[in-house]
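Novice: If you want the building blocks of each chain, they are given just below.
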Amino acid sequence: MRKLMKWTVLAMAFSLIAAACGGDDDGAAATTAAPTTAAPTTEAPPPPTTEPEPEEVTISIESWRSDDQAIWDDQIIPAFEAEYPHINVVFAPTPPLDYPAALQTRLEGGIAGDLITCFPFDRSRELYEDGHLAPLNDLDGIAGFGPSAQNAWLSADGSTPYCLPVASIIQGFFYNVDAFDELGVSVPETEGEFFDLLQTILDDGAYTPIGIGLSEWEAEHILFQNIGANYWKGEEGRLALIGGEDKVTDQEYLDTFATMARLGPYMHPGASGIGYQDGKILFETGQAAIYPGGSWEISGFDENADFEFSAFRTPRPDGQDSCYIVDHIDLAIGLNPASSNAEAARTFLSWAATPGFAGIYTGALSGFFSLQDTPVEYNHPVAQEFVSWRQDCGSANRTGYEALDSGEPAFPIELREVSNAIILGNMTPQDGARRLQDGLDSWYTPGG
Amino acid sequence: MENRLTEAEPVVTEKLPPGGGSTVRQIPRSGSPARRRRRWGPILVFLMPATIIYSVFMVYPLLDSLRRSFFNDDGNYAGLDNYDTLFTNPAFSDRFWDALGHNFQFFAFHILLQNPVGLLLAVLLTAQSVRGLNIYRTMVFLPTTLSVVIVGFIWRLILSPLWGVTETVGIDTPLLGEPLTVLPTLSLISVWQWVGIPMIFFYAVLIAIPKDLIEASQVDGAGSWQAFWNITFPLLLPMLGIISILTFIGNFNAFDLIYQVKGVVAGPDFASDILGTFFYRAFFGASGTTGSAAMGATVASVIFLIILVGVLLYMFVWQPRVSTYEL
Numbered sequence: 027m028r029k030l031m032k033w034t035v036l037a038m039a040f041s042l043i044a045a046a047c048g049g050d051d052d053g054a055a056a057t058t059a060a061p062t063t064a065a066p067t068t069e070a071p072p073p074p075t076t077e078p079e080p081e082e083v084t085i086s087i088e089s090w091r092s093d094d095q096a097i098w099d100d101q102i103i104p105a106f107e108a109e110y111p112h113i114n115v116v117f118a119p120t121p122p123l124d125y126p127a128a129l130q131t132r133l134e135g136g137i138a139g140d141l142i143t144c145f146p147f148d149r150s151r152e153l154y155e156d157g158h159l160a161p162l163n164d165l166d167g168i169a170g171f172g173p174s175a176q177n178a179w180l181s182a183d184g185s186t187p188y189c190l191p192v193a194s195i196i197q198g199f200f201y202n203v204d205a206f207d208e209l210g211v212s213v214p215e216t217e218g219e220f221f222d223l224l225q226t227i228l229d230d231g232a233y234t235p236i237g238i239g240l241s242e243w244e245a246e247h248i249l250f251q252n253i254g255a256n257y258w259k260g261e262e263g264r265l266a267l268i269g270g271e272d273k274v275t276d277q278e279y280l281d282t283f284a285t286m287a288r289l290g291p292y293m294h295p296g297a298s299g300i301g302y303q304d305g306k307i308l309f310e311t312g313q314a315a316i317y318p319g320g321s322w323e324i325s326g327f328d329e330n331a332d333f334e335f336s337a338f339r340t341p342r343p344d345g346q347d348s349c350y351i352v353d354h355i356d357l358a359i360g361l362n363p364a365s366s367n368a369e370a371a372r373t374f375l376s377w378a379a380t381p382g383f384a385g386i387y388t389g390a391l392s393g394f395f396s397l398q399d400t401p402v403e404y405n406h407p408v409a410q411e412f413v414s415w416r417q418d419c420g421s422a423n424r425t426g427y428e429a430l431d432s433g434e435p436a437f438p439i440e441l442r443e444v445s446n447a448i449i450l451g452n453m454t455p456q457d458g459a460r461r462l463q464d465g466l467d468s469w470y471t472p473g474g
Numbered sequence: 017m018e019n020r021l022t023e024a025e026p027v028v029t030e031k032l033p034p035g036g037g038s039t040v041r042q043i044p045r046s047g048s049p050a051r052r053r054r055r056w057g058p059i060l061v062f063l064m065p066a067t068i069i070y071s072v073f074m075v076y077p078l079l080d081s082l083r084r085s086f087f088n089d090d091g092n093y094a095g096l097d098n099y100d101t102l103f104t105n106p107a108f109s110d111r112f113w114d115a116l117g118h119n120f121q122f123f124a125f126h127i128l129l130q131n132p133v134g135l136l137l138a139v140l141l142t143a144q145s146v147r148g149l150n151i152y153r154t155m156v157f158l159p160t161t162l163s164v165v166i167v168g169f170i171w172r173l174i175l176s177p178l179w180g181v182t183e184t185v186g187i188d189t190p191l192l193g194e195p196l197t198v199l200p201t202l203s204l205i206s207v208w209q210w211v212g213i214p215m216i217f218f219y220a221v222l223i224a225i226p227k228d229l230i231e232a233s234q235v236d237g238a239g240s241w242q243a244f245w246n247i248t249f250p251l252l253l254p255m256l257g258i259i260s261i262l263t264f265i266g267n268f269n270a271f272d273l274i275y276q277v278k279g280v281v282a283g284p285d286f287a288s289d290i291l292g293t294f295f296y297r298a299f300f301g302a303s304g305t306t307g308s309a310a311m312g313a314t315v316a317s318v319i320f321l322i323i324l325v326g327v328l329l330y331m332f333v334w335q336p337r338v339s340t341y342e343l
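Sequence lines, in order, name chains A and B.
When you line the first sequence up against the numbering used here, it's residues 27 to 474, in that order.
When you line the second sequence up against the numbering used here, it's residues 17 to 343, in that order.
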């Protein structure tokens, strides 16, 4: 008897362990078994018809844009499903900071969604080269994107697109129109005017001139890129840095850093302890008159700011006629080659290449601008303001995010720390530039 | 750090008759060899689930991570190349030594502040004359039960230059934003959260010390200070060792608080970077850069070695020198 019990316990223990360790096999078995057991309790299967209806499938989209959940659920997906009733779309975002690592893990584990939202340049190219993004040469509609849009998602030899371009963002400086009226100041065109304006606001004392947090990435993403694009002449300078003709220790970068350092005193005295969200709140609550940011903030400011706001483009350096804006191609969608519903996913991608999608997406998401060749109307006045700068100014992607970010020390991370330290006065422009160039020299060979 | 409670040896508080302590615990060795053999059956059955689960989910990943540190990202054997990169390539070694230094600072704050304060609180709690002891005990222990996410969030609000209280109390430095203050501030937040653990451990030992020992010393003319140093403290020493080693392990594995408050780049300019955040960046990457599983495994292995050395020192240097007393 005792022996029998002993063996029973042993057997139970082993079955428990087997259940615990079974992992994927058990999961697969459970899902395949489910329909047979569940069928009788749910509604009866439709009677067989002579015309084969398309089988109902569900595809899911990986993204870092968790802010857009409502827009996808309420507008984009219903519009798509109205046209393709047999395809269900699930928008399944991961918070931005966790997205790259989580996506990588899911792709390697074979559990990622059918469609993948792509970062521009190297990050997605690595995924393509590792076989996690399918080539899209023969996708309907992929031809409707110009080279400048597709460039960020092309294979190294330039022949194969692997993500469908969706949107770009434009950067500038938001300002509180009411505050500007109250102070009787106007939008600056040149850096000289800009610093006069900042001094006026500071002297008045009612507003913090520039509301921005310096404990995260904004100093680099916004201030360094906004100000610098004018100095290094947009794409020309960005490509020259990649090509090795320009160095970070060149005059245009030192000038950029020097201008950034001059901005420091016009920020909140506790800026180093303020994060991205709190920086925005400074502006939204009317404490700060100017917020350096990008067009993606428009919908948030619409919701949270109870004053009129608009935007001005980065003031030109004095004596320079040309201007350059950060018009960063930001977002694309690619296909997971491991998808079991590839046909449905490709149908969605082709639909996303139509002006219909662009109209909904950029209309609903004020501040994201379509990358299709077909022009799109933007409803929001501030979005119109942003996009109008394209007529007079050259465009530039953010520098440092192509090629320069794929070694150690990674240029964007160093740039971020150096930018913060320079604005806070903890580092000189020369030291910062030296550190960045030394970091690059230690691993990066232009053209290599 | 949460698992301190479960990892710790339970404090033996049962009182045994004089001289009876050792015999009670001994397993009687009577009975035939056959019967003794039969006893192994249930023992094995009961040990098996834990052993197997622990091996599959803890031992195997640990060994595999060690193995992986000798291979490159393409899966080819790389010998000590990864370690060479970690210690000689400035992109990694500068960050590594910085992070290690910060880890020692973080640890110093805990060992020099958290544990003495924990002991002080425990001694105060055992004082007879204080009213509402249970309330104090609960209050001090409460932060320990909070999620690190909540603790980080609360303290970020308290110390925020926008709506925090620092300016009201006369501090105009953004404590979490300046390179000089960020690590001490984070250490103190962590001390604030975890001080309940050493307190409760010391408290458990203190209440187990028989009063007649103290009373006897008082009869012999000892003051309370002398009684503490000569009677209570020696009895606390084994627990002090356990708490110290758990603090060491917890601090060198620390990650969550810094990640929550400062993110993986642990700014400003890596001033709050510790081994945990350094490992995260090496393994997963950060800010649009790609990590490397091989380098991540290498950093993880080095962290493991550091902790292993600490634990070995504890086991072979500290433990044999400390005598435990049956009370």
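It is worth saying that the hints were derived from the structure and are not from the lab.
Among these hints, one or two may not hold up.
What the hints assert, rightly or not - For the chain B half of the interface with chain A, some residues (derived, Cβ under 10 Å), not all of them:
#1 S240
#2 W241
#3 Y296
Stated by the list, open to error - Examples of chain B residues toward chain A, derived with CB under 8 Å:
#4 F103
#5 T104
#6 P177
#7 V181
#8 E194
#9 P254
#10 G257
#11 P284
Even glycine gets a Cβ: it sits at the ideal position worked out from N, Cα and C.
Novice: Go through the hint on P284/B and say holds or violated, using the shortest Cβ distance to chain A against 8 Å.
Specialist: At 6 Å from the nearest chain A Cβ, P284/B passes the 8 Å test, so the hint holds.
Novice: Would the hint on V181/B stand, with a C-beta cut-off of 8 Å toward chain A?
Specialist: Violated, about 13 Å.
Novice: Is the interface hint satisfied for F103/B? The criterion is a beta-carbon contact with chain A at less than 8 Å.
Specialist: This hint is violated: F103/B lies away from chain A, its Cβ roughly 14 Å from the closest one there, beyond 8 Å.
Novice: Would you settle whether the hint for G257/B is holds or violated, based on the nearest Cβ-Cβ distance to chain A being less than 8 Å?
Specialist: violated (35 Å)
Novice: Does the closest beta carbon of chain A sit nearer than 8 Å to the beta carbon of E194/B?
Specialist: Holds: closest Cβ of chain A sits about 6 Å from E194/B, inside 8 Å.
Novice: With a cut-off of 10 Å, does the beta carbon of W241/B approach a beta carbon of chain A closely enough for the hint to hold?
Specialist: violated (43 Å)
Novice: Per the CB criterion, is P254/B less than 8 Å away from chain A?
Specialist: Violated - the Cβ of P254/B stays beyond 8 Å from chain A, reaching only about 35 Å at its closest.
Novice: Is the interface hint for T104/B satisfied, with its Cβ closer than 8 Å to some Cβ of chain A?
Specialist: violated (12 Å)
Novice: Tell me if the interface restraint on P177/B is satisfied: Cβ within less than 8 Å of some Cβ in chain A.
Specialist: Since the shortest Cβ distance to chain A is 2 Å, the answer is holds.
Novice: Hold the hint about S240/B up to the distance rule: shortest CB distance to chain A must be less than 10 Å.
Specialist: violated (45 Å)
Novice: Verify the interface restraint on Y296/B: the C-beta must sit less than 10 Å from at least one C-beta of chain A.
Specialist: The hint holds - Y296/B has a Cβ within 10 Å of chain A, the shortest such distance being about 9 Å.
In terms of the numbered hints stated before, the structure departs from hints 1, 2, 4, 5, 7, 9, 10, listed from lowest to highest.
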